[in-house]
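For chain B, the structure is supplied; the task is to place chain Z on it using the hints.
Number of protein chains: 2
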Amino acid sequence: MRIIIDAMGGDNAPLEIVKGALAAQKRFGADITLTGDTVAVLRALESCGETTLPSGMEIVNTTEAVEMCDDPATVFRRKKDSSMGVALQLLRDGKGEAVVSAGSTGALLTGATLIVKRVRGIRRAAMAPVIPTTTGKAVLIDCGANAECTPEYLVQFAYLGSFYARRVLGIDNPRVGLLNIGAEDSKGTELQKETLAWLRRADGEGHLHFIGNIEAKEAIKGGCDVIVTDGFSGNIMLKSIEGTGSLAGSAIKSLFKKNLLTKLAAALVMPGLNSFKAMMDPNKVGGTAFIGISRPVIKAHGASNAEALENAVGQAIRFAESGLIADIEANMEHMKVEKE
Amino acid sequence: MRIIIDAMGGDNAPLEIVKGALAAQKRFGADITLTGDTVAVLRALESCGETTLPSGMEIVNTTEAVEMCDDPATVFRRKKDSSMGVALQLLRDGKGEAVVSAGSTGALLTGATLIVKRVRGIRRAAMAPVIPTTTGKAVLIDCGANAECTPEYLVQFAYLGSFYARRVLGIDNPRVGLLNIGAEDSKGTELQKETLAWLRRADGEGHLHFIGNIEAKEAIKGGCDVIVTDGFSGNIMLKSIEGTGSLAGSAIKSLFKKNLLTKLAAALVMPGLNSFKAMMDPNKVGGTAFIGISRPVIKAHGASNAEALENAVGQAIRFAESGLIADIEANMEHMKVEKE
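Taken in order, these protein sequences are the chains called B and Z. Numbering-wise (numbering that gives the first Met the number 0), the first sequence opens with residue 0 and increments by one. Numbering-wise (numbering that gives the first Met the number 0), the second sequence opens with residue 0 and increments by one.
Chain B with its partners taken away, still in its complex shape (with noise of 0.2 Å):
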């Protein structure tokens, strides 16, 4: 097993992101491949303490690096040599088994896209981060990478999500709901209603285990496992999560801060505290899969650490060993929906 790795994206890049990589190496035992400017990630691999390349690690010299700001849809014309579209290409040329890049969201899946290409037949790639649940954990798809969506699309990114859950999360038969503003099945939008439709249909045909509508607030209490909907409204979700998260984490920080009692309380809850903030913290639950790209290609937070970029790589593993591709394509014949 290869993992490529972008050395150049992200916040944090190189030296986090090599460090991660030096700790994804040791932990999960695969060879990393590193594209990017070989003396800046020779000098962060120095900084880590290695003064020679570990064995099993390659870097692939690039000259250029995707920027926040540079334009998703011509960046690969434009810098034909950067870290993140050699990284694409290595990937589509069978040089390592996945991708992980902390780089521009936008430019990776554009580039994943064009340069590795979707499975035949899947109409859009989905970006499918796991979420926090009160149960457990959930795949939201989309979260972002479709704002606008077909009934079409979101079938797909239904059957999509529910054979992520099996595969790479190892949920059973993963209960799949409809992202919805109400249970019953008058609710929402046009695109809400025919998606219910067919998805009901692929339910009685025993392809998906379809439960129906869903709210937000159900889903976050864990009443499914895979969440359908809109790249537009997931992001809504997936940030309002966030947000909330990150509101509940300094609420409850200030409240220990009152006087010498309340610090005291909170050296006493300290190792639950922790694991609290590191259930919201999407620095620790890794990075988001991009599925429906023929080739397994996860985005890391941009903010990523050595840490984040680590538990990315083993995110990319689990995908890569999954056999979800072969899934997708050989139940490629449930997923199209004919034009009423």
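Since the hints were made in silico from the structure, they are not lab data. Treat the hints with caution; some may be incorrect.
A pair counts as met if it fits within one copy or between any two copies, since identical chains are not told apart.
[Stated by the list, open to error] Okay, derived cross-link-like pairs now, DSBU-like style, lysine-lysine, Cα gap no bigger than 30 Å in a straight line:
no.	residue 1	residue 2
1	192	78
2	116	186
3	192	216
4	276	252
5	25	256
6	79	186
7	220	276
8	276	25
9	335	186
10	94	220
11	94	78
12	186	78
13	276	216
14	335	136
15	257	136
16	216	262
17	276	256
18	276	78
19	116	94
20	335	116
21	94	79
22	186	257
23	78	262
24	262	252
25	186	216
26	136	186
Relative to chain B, chain Z alone:
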């Protein structure tokens, strides 16, 4: 000031509604009209220790109640003498300054629109709850009344929310943000892009303080005072905040239940914990205003207890005293969006 309360609406009607009405009367000094089954209301008053009708309190007898399963579109035709419908008629006829109901949201919105009617020129009434932010609070408009919106609806919501934030929440020159999946002008669907252009124009002309697109996470951090969005995304945001708040609440709770030491810690921070819970608790926040209706209508949470109802009455009084509706009427000319 007289507030009309639907005594039969909500999960805990009539007892908690009547209890809350009594508390509100004492706290705010307002007169109260209760619509509902006189016998049931008198019995509830008796349970609260009131053997006679308190001075300033009236009961208007009704023989029916709107149920959650009733179709909002037809219920007021089928049930001519419902506590909710009669409350709205009394408001229309000037027999009180505002209506508060904890009954079906859909029915209350339809009833408010059909019976009390919208302000002339307003295309759609919106539901505008006040959500907690890291630095204070913000108005979220719309949060579910209108799943499908046009740019004109959203432009009107921006004005309505801005007037509400200024008049009812007391925020000077409220910062209006358009909820989106990124801050850049190119983000979102056609709806957001068109709305953005109109709102920039309104800002340029000095009618609104528009700050551009805002992500859900930034909005929860306190990045704006008015969050403008369609009812679908607004509902997803609201319910995600509620769900995550409750997730955080139970995570914190279990944290403190671990052992004797953590239980001791809980005792030390209990007052603070309770105020955190209150911030996240819809019962404490009170009600959601329907803005754009020609008189104040407040939807109290369906699970309202007496305290929630009391708070919703307080909000109704502030709304009725605020001059908000006069504001809307005076600015109607700016809120018209010509077809392009």
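Structure-based check of each hint:
no.	hint	result
1	192 x 78	between (43 Å within a copy, 29 Å between copies)
2	116 x 186	between (35 Å within a copy, 24 Å between copies)
3	192 x 216	both (20 Å within a copy, 28 Å between copies)
4	276 x 252	both (10 Å within a copy, 14 Å between copies)
5	25 x 256	neither (39 Å within a copy, 37 Å between copies)
6	79 x 186	between (47 Å within a copy, 26 Å between copies)
7	220 x 276	both (18 Å within a copy, 17 Å between copies)
8	276 x 25	within (26 Å within a copy, 43 Å between copies)
9	335 x 186	both (24 Å within a copy, 29 Å between copies)
10	94 x 220	neither (41 Å within a copy, 43 Å between copies)
11	94 x 78	within (21 Å within a copy, 71 Å between copies)
12	186 x 78	between (46 Å within a copy, 23 Å between copies)
13	276 x 216	both (20 Å within a copy, 16 Å between copies)
14	335 x 136	within (28 Å within a copy, 45 Å between copies)
15	257 x 136	between (33 Å within a copy, 22 Å between copies)
16	216 x 262	between (33 Å within a copy, 29 Å between copies)
17	276 x 256	both (17 Å within a copy, 17 Å between copies)
18	276 x 78	neither (39 Å within a copy, 51 Å between copies)
19	116 x 94	within (16 Å within a copy, 66 Å between copies)
20	335 x 116	within (18 Å within a copy, 45 Å between copies)
21	94 x 79	within (18 Å within a copy, 73 Å between copies)
22	186 x 257	neither (45 Å within a copy, 41 Å between copies)
23	78 x 262	neither (52 Å within a copy, 58 Å between copies)
24	262 x 252	both (10 Å within a copy, 18 Å between copies)
25	186 x 216	both (15 Å within a copy, 26 Å between copies)
26	136 x 186	both (25 Å within a copy, 28 Å between copies)
The structure does not agree with the numbered hints 5, 10, 18, 22, 23 stated previously, though it agrees with the rest.
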